[in-house]
Amino acid sequence: MDLLEHQGKEFFGRYGLPVSPGFVARGVPGAREIADRLGYPVVVKAQVHIGGRGKAGGIRLAQDAEEVAAAAESILGMDIGGHTVGCVLVEAAARIAAEYYASFTLDRSGGRYLGMLSARGGVDIEAVAESDPGSIARIWVDPVEGLGESEVRGWVRAARLDETAADELVEVLLQLYQAFVDGDADLVEINPLILTTDGRVRVLDAKVTLDDNSLFRHPEYSAYDATQPRDEREASAHALGLQYVGLDGTVGVIANGAGLAMSTVDVVAQAGGAAANFLDIGGGADVDTMAAALRVINNDPSVKAIFINIFGGIVQGEVVAQGILDALDRVELRAPIVLRLDGTNADQGRAMVAPQLSEMLMMADSMSGGAARAVEIAGSG
Amino acid sequence: MSIWLDERSRVVYQGLTGRAGRFHALRNRAYGTRVVAGTNPSKAGTSVEGIPVFATVGDAVEATRADVSCVFVPAPYVRGAVVEAAEGGVTLVVVITEGVPAKDEAWLGGKLGRDHPEVRVIGPNCPGLISPGKANVGITAGDIALPGGPVGLVSRSGTLTYQALYELKQAGIGVTTCVGIGGDPVPGTSFTDCLAAFEEDPETSAVMMIGEIGGSAEEEAAAFIAEHMTKPVVAYIAGITAPPGKKMGHAGAIVSGGKGTAAAKIETLGAAGVRVGESPAEAGSLMVEVVADL
Chain A
1 MDLLEHQGKE
11 FFGRYGLPVS
21 PGFVARGVPG
31 AREIADRLGY
41 PVVVKAQVHI
51 GGRGKAGGIR
61 LAQDAEEVAA
71 AAESILGMDI
81 GGHTVGCVLV
91 EAAARIAAEY
101 YASFTLDRSG
111 GRYLGMLSAR
121 GGVDIEAVAE
131 SDPGSIARIW
141 VDPVEGLGES
151 EVRGWVRAAR
161 LDETAADELV
171 EVLLQLYQAF
181 VDGDADLVEI
191 NPLILTTDGR
201 VRVLDAKVTL
211 DDNSLFRHPE
221 YSAYDATQPR
231 DEREASAHAL
241 GLQYVGLDGT
251 VGVIANGAGL
261 AMSTVDVVAQ
271 AGGAAANFLD
281 IGGGADVDTM
291 AAALRVINND
301 PSVKAIFINI
311 FGGIVQGEVV
321 AQGILDALDR
331 VELRAPIVLR
341 LDGTNADQGR
351 AMVAPQLSEM
361 LMMADSMSGG
371 AARAVEIAGS
381 G
Chain B
1001 MSIWLDERSR
1011 VVYQGLTGRA
1021 GRFHALRNRA
1031 YGTRVVAGTN
1041 PSKAGTSVEG
1051 IPVFATVGDA
1061 VEATRADVSC
1071 VFVPAPYVRG
1081 AVVEAAEGGV
1091 TLVVVITEGV
1101 PAKDEAWLGG
1111 KLGRDHPEVR
1121 VIGPNCPGLI
1131 SPGKANVGIT
1141 AGDIALPGGP
1151 VGLVSRSGTL
1161 TYQALYELKQ
1171 AGIGVTTCVG
1181 IGGDPVPGTS
1191 FTDCLAAFEE
1201 DPETSAVMMI
1211 GEIGGSAEEE
1221 AAAFIAEHMT
1231 KPVVAYIAGI
1241 TAPPGKKMGH
1251 AGAIVSGGKG
1261 TAAAKIETLG
1271 AAGVRVGESP
1281 AEAGSLMVEV
1291 VADL
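Residue numbers (my numbering), protein chains in the order written: chain A, 1 to 381; chain B, 1001 to 1294.
A few of these clues could be false.
Here are the simulated DSS-like cross-link-like pairs (lysine-lysine), alpha carbons at most 25 Å apart as the crow flies [to be verified]: (1) Lys1247/B <-> Lys207/A; (2) Lys1246/B <-> Lys207/A; (3) Lys1259/B <-> Lys55/A.
Calculated from the structure, these hints are not laboratory results.
One chain only, chain B, in its complex shape (with noise of 0.2 Å):
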């Protein structure tokens, strides 16, 4: 099993015709992603490597019967094509775009939120999220994740989680599924999601996350773990050396007033029973250590 993701997922790409929507596309359907349709409401009628394009989501889900959407779209039409992809019947809604302002992201909050509460987002600002051997949406390389479990993987930075793939399948550790929720202030999901689907998901038994500085989700999936979780779950923060007042590439990555400091969080999770490595690495050999106790 895996969460929200596998091989029977239909995927539409809001944005096919552009560069990266249309790379990244092609990639993941050649990871073996079921890859139904694009949209580019100009283009309706034309094809991209024998994939379909058509005017809207709604239209695609109509033809196709696609469930799940994944959006390159320029930052400023976003928000339009969220609420259009919500409307056009998919259940699942990945936006890997970045430079999407807060503002948007918090608004696409409470109208899905209200209107469509079946549909979940992931991102923006993020990598996507990989069940290997089954699909991949997004933008991770899917040849350095590992099929097979029995660890569930979310994290909000992308680099970062090649790096944990990366460890966890030198040491022999498949993954279930690997959602990056992205850096940005107002992710579509959140660590607590993730955590909460991973504990419902029967072939997940353990789960790394990886957080970074400011904001408070690390303190909130904390708060779950300690109090919902029967898990194990092993955690690396990054940012542990970063300034106070620095915004650290992410749009979310900023201590501010002294708060969302990589050392409270830390602390925090610790405090909740969860395992924290100093290092990548460090994270890597604890998930080591639990696999081979589970």
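Only chain A is shown next, with the shape it has when bound in the complex (with noise of 0.2 Å):
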């Protein structure tokens, strides 16, 4: 779960980390008033899932009332990299002496997490990775000794950041690793982590990527769920409980388990076909998940066939089969049915299908097969 930069923000001001005061507006009058309220000047920011903000002119500075209403009205409703802008942060601004970059995230080969530091902040930080390696500071923390003070002090040191701050920068990287461990994110980033004229040091932008096993620790977080960026299929999708993402093709895929919906997605575009979505119908399919997954599949106008490609494991041959055959009393089917079947009960299943095989429902024998099928259906329809 991606959060939001002001969402961010106000999760790592959770963990006590300085970030500046700001809101959020969602029109020109409501960022006026805020930037009123805040005093000048004040920075207008695009709340997207999207970086590159700042050169798609979706972050600026605002002087006086004038400049805010100006601002927020080119910035409401912009699209960056496909994200259409709902809202804006409006900030206090700072004055900046130097810009860092602060991270954690997790290192999955190592089982550890993996702290990045470096003096060359407000930039892109995979190119300072590939330029200047020597200026990023790592330090790996074991996830059951954690991260004590003197290791942090050392890692400021080694990334040459302002001595004088260093007691600050301290307390703020312990803040920053307590919101990672404890808030159960993926990755927390700070980029830029500023150092102000005045010697302050303050989170200018907040990157949060939160762990969506953890929402039972934290149920707070499905808040943050409707603010996610999706589709009006990976909505309806996402409403109904499926594992569902949208993708460009014609061709309709339902399976059961993620890496064989993978899979099919990637053997519909081998038989020269594309894929209009990923689904996952799940290890324990029943027959109301199997017509859910149809019925978004059938509202998708993208679609010209559905292939539907299960391998009984736990959900036998005959559930799947019994999901379809209700689901098709259910449905106005739009798109034909080319149906794989195979593992437990798969005879049992197809037998039920039998009598029902029609041009609107075929069966295939083998995953390829069924690919092939489908994408000739969707090519010639």
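Take each chain as given, in its own frame, and dock them per the hints.
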């Protein structure tokens, strides 16, 4: 789950990190009102789930009410990399003396946490890692041991950050670590972390990805769910509890299990077509799940053929067959189905479907055969 | 031979009294697995279809000499359950549960690595492991695997594992052990761990590995193969068409910052001498060729 900047700052605020005062506005009058309250100058920042806002003109400094109105006017509704700006963060401007970079993430292969710190902040850190790798100080943290103050002090020194601000930097980095661990984040990144002209440390930007699996510890995160970037199809699938990712093709895909669903999308491409979506109905799918999945796929106007690829493990062939038959009763299909069914009780499932076979429901005897058939239908439709 | 699990393994089910735990423990027992115990702190002294229930894994080990645990408890309790299993004395812990936070997985890795280095964890979010004809621990449908080897199988995905077992069975090829390592960011057992065990196993003559986008486990496996494996490896990697930045069902299946793509994994494995199939069916055919040449 990716947070918008203002959500990330609110999240950081809970762990004591120093964020500048600011509020979110959805319209020009709201932006002006916030700016008047904060005092000038302010920064008006587009809130979107994508980087490169500055270059796209999505971040503007405003000295007075007129400039705030002009900035909000131009940024709201702007398209940044395919994301429409729905709201802006209006924040008190800071005087910047130095820009740093700080982050914690999970080092998957080592099963440890990786902290990165650099005196070269405010720019794309991937580019810095390429051009000047020595300027990034890395620290690996054992999840059981945790991170101590003296290690952080050494880390700040290794990154060659301003010594005079070391105490405050250490405190902020420990708070950032706490937010990462206690907040169950996959990533916390501050770029830039700044030193102001009067020597204070401030969080100027916030990029936070939370672990979807940690919701049981943080029920309040469900509020962030509503602002996740989803197209219309993804939103309706999500509301039905389906694992769905929208794609650009014409073959609707339903499979059981994430790996098989991914593989099905690949095999459709190898057959010369393109999948309209990734959809995993899960290992223990029931009749209702199948009906819901078919409804979502059927509502996608770009879908010209539907490929259902099921390998029964826990989910049994006759349950899948019943799900499809029920769904056919409930849903008026706009595109034909190609069904491939193997695994547990596949014979029973195929026997149940056999009397219903038609131009709208066809059987395939293998995964690649089914993909080829679905691609052919989609191409001719 | 097989790796880590055979007909002598004695298995305790944590969460035996729950719906999924009961269903799969009984299914595993019907397959021939020695299912010796279950645990539930509030139901000690009862039994499930003749399987005695104990309060803790420690009690179960003492009474039944269980040496493997299979975990079906809900995600919030997995961290505690795995520690309990390790402290209770089993040496293999198979965690089927999905939805475990990555922080809990990383913490468990550190904790067990230090206090119980003899304990192997497989999963979480995995189908378990099966040594066909000997024992099945987890949720794999046992009848789709042909016993006898010579292939060892390791996979990050559940249903793709079934698909691969099925491809091999269609071709009349048996499997020594099939390990589902799971689709989470910090699995207890890696591809490399499995490859090393298969390299050591005298009855395994070739290995099939099934990976997917996200992380660098396949690249690490490639490095291990290039340096240490004498046995041939065939691979399949899912997600070649997956869009960047999107989580494809599994918590660990995401291409982020241009890293973890299927294309990069396929190239690295190819450079290490691994034959990579473009589809599960093609990987199956490649394995048929490899086995014919053994």
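Does the structure break any of the earlier hints, and which numbers would those be?
none
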